[in-house]
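Undergrad: Residue strings, one per chain:
Protein chains: 2
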Amino acid sequence: MSILVIGSVALDTIKTPLGKAERILGGSAIYFSASAINFVPVNIVATVGEDFPKKHIKFLQNKGINTQGLSIENGKTFHWEGEYGWDFSNPKTIRTDLNVFANFNPKIPKSYQSSKYIFLANIDPEIQIRVLEQVKNPKLIACDTMNYWIENKRKELLKLFKKIDILTINESESRELTNQKNLIKAAKDILRLGPKIVVIKKGEHGVLLFTKTHRFTAPAYLMETVSDPTGAGDTFAGGFIGYLAKTKRINQNSLRRASIYGTIMATFAVEDFSLGKLGKISTIDIEKRIKQFKRLTSFKIKP
Amino acid sequence: MSILVIGSVALDTIKTPLGKAERILGGSAIYFSASAINFVPVNIVATVGEDFPKKHIKFLQNKGINTQGLSIENGKTFHWEGEYGWDFSNPKTIRTDLNVFANFNPKIPKSYQSSKYIFLANIDPEIQIRVLEQVKNPKLIACDTMNYWIENKRKELLKLFKKIDILTINESESRELTNQKNLIKAAKDILRLGPKIVVIKKGEHGVLLFTKTHRFTAPAYLMETVSDPTGAGDTFAGGFIGYLAKTKRINQNSLRRASIYGTIMATFAVEDFSLGKLGKISTIDIEKRIKQFKRLTSFKIKP
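Listed in order, the protein sequences are those of chains E and B.
Sequential numbering from 1 applies to the first sequence in my numbering.
Sequential numbering from 1 applies to the second sequence in my numbering.
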């Protein structure tokens, strides 16, 4: 089953304590797609400017990602410039040039409209709602958001939450959304807002998954070398939704495994800038690291 | 096999966003003992003042903790006053009255000297070394420390590290000790300093365990209600060392299980002030929560 993803495609300029990269391929839809394509076909809807290098489109197509919904508009591609400190989290935004992304009004191509799995990456919740009005009988709708929308479009966000199955959200956003400091309480509150499944992403500290009846906790797979954490959350979502779409089952066991696949995909994202590593891996690489993670985390309770 | 613990006994005054408690039983040796006694006999060496309530000594003895090495000195008991914010970590110290603890010069009673398992809770590394000079043929020596000693008694600390088997240390201390931001790199550096096993405690984010050949990662067991995180690290150590002493085996599997027992014991510590909960639990309570944790964290990698 194929996944439809709507989000940003960007040219990022990123500085970390270990290096710098200029105008590299980025954006939520890119990281999500490059991750999910390892599991199922992916249909991308996004917008870029005329400056967007053709090689990137070719790269996505060579990966098997359907770019029919990638519109090239008059103007420049969304550009984000950020800088990370030694903790490799909470980057400082140096500048944001929305460019053509400012007028992003996603049109879902006819051939995409029967996509069964939908991922609404972090964009204006009004746009996320408009996307849902264009799809027919989806099986599963997941979405992400950020503090900006929580603060500025809360009403629209709450309307959206009534229509979705899965919310992926980071730790601090879940606290801001619910005004709960404790993450279990925050998750319980979010489940009352509509989503049936809440995934709280804690970055290098792992992930918490909640449904009304089940909970799952996994640590992150700590990497000795992190080059650039940009896109880790969307890459997690790509592995998570990708795995669910591949197995076509949504139950306690598949959600646990999906969390682990998401966790492992994120490790490939942070190993290099842009898709330096994530864009080059095979199923064998993924399965190998999944097994390493299993070894790293497993324990028996009876001696 | 019994454990010998050397550390502080305190009367703590603690404020959290949810409550306040004055002059309650605390200190590293207390939390460690109350945790480890659930696994094996515990011999405590510490000092208190004449103001130390007799009921506390009775309480420890009723738990089966050997208090022969608890010396009552002229003066007042060590008193720490601290305040936690909503994140329930990094408390602000309001005041510290060392009192009799300032002259703590632990004498190990003869009956304790053949203890096979030793835990040197966070105190001056010079004192930790003097304790080791008094014990005969220990099977396993574990120790804890803090940023103050890393900054002010580095030389003595490094001397101590040559003599120990296990170091339990928190995330930020491991970074400060090694000047490494990445925890894998920090752990590798610490293993080069002497300890054969390094346990990096990440509080509500779980624990990382390293030996030269193995690694283990476990998330924390998130609690919906945290009353007071004081003593969680020492309680973890009590469960960790207690489990190892009980099973008498130190191998990859027992170290993993020990980490889980430590994790679970810490959840009882944070549920109430002082030993409000930790002091009242039975083996059944512990095993029940161990099973819950197993359910919370388990996943299969083959569908």
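Be a bit skeptical, because a hint or two may be false.
In the PhoX-like style, the derived pairs of lysine-lysine whose C-alpha atoms are separated by at most 20 Å in a straight line are [what the hints assert, rightly or not]:
1. E:Lys92 <-> B:Lys181
2. E:Lys246 <-> B:Lys181
3. E:Lys163 <-> B:Lys248
4. B:Lys288 <-> E:Lys288
5. E:Lys181 <-> B:Lys248
6. B:Lys20 <-> E:Lys300
7. B:Lys181 <-> E:Lys300
8. E:Lys92 <-> E:Lys55
9. B:Lys181 <-> E:Lys15
10. B:Lys248 <-> E:Lys302
11. E:Lys288 <-> B:Lys302
Source of the hints: derived by calculation from the structure; they are not laboratory data.
Every value quoted in this text rests on a predicted model; they were computed, and no experiment measured them.
Undergrad: Against this structure, judge whether each hint is valid.
TA: Outcome of the hint check:
With a C-alpha separation of about 19 Å, the suggested pair Lys92 (chain E) and Lys181 (chain B) falls inside the 20 Å cut-off, and the hint holds. Of the supplied pair hints, the one linking Lys246 (chain E) and Lys181 (chain B) is violated, its CA atoms being roughly 37 Å apart against a limit of 20 Å. Between Lys163 (chain E) and Lys248 (chain B) the CA atoms are separated by roughly 55 Å; this puts the pair beyond 20 Å, and the hint is violated. Note on Lys288 (chain B) and Lys288 (chain E): the hinted pairing is violated, with a Cα-Cα distance of about 33 Å set against a maximum of 20 Å.
For the suggested pair Lys181 (chain E) and Lys248 (chain B), the alpha carbons sit about 40 Å apart, so the restraint of at most 20 Å is broken. The hinted pair formed by Lys20 (chain B) and Lys300 (chain E) fails the criterion: a straight-line CA distance of about 39 Å is larger than 20 Å. A hinted pair counts as satisfied when its Cα atoms are at most 20 Å apart, and Lys181 (chain B) with Lys300 (chain E) does not qualify at roughly 31 Å. Distance hint between Lys92 (chain E) and Lys55 (chain E) is unfulfilled; the C-alpha atoms sit about 29 Å from each other, more than 20 Å.
The suggested pairing of Lys181 (chain B) with Lys15 (chain E) holds, with an alpha-carbon distance near 17 Å, which does not exceed 20 Å. A C-alpha spacing of about 15 Å is found between Lys248 (chain B) and Lys302 (chain E), which places the hinted pair at or below 20 Å, so the restraint holds. Between Lys288 (chain E) and Lys302 (chain B) the alpha-carbon distance is near 13 Å, which keeps this suggested pair within the 20 Å criterion.
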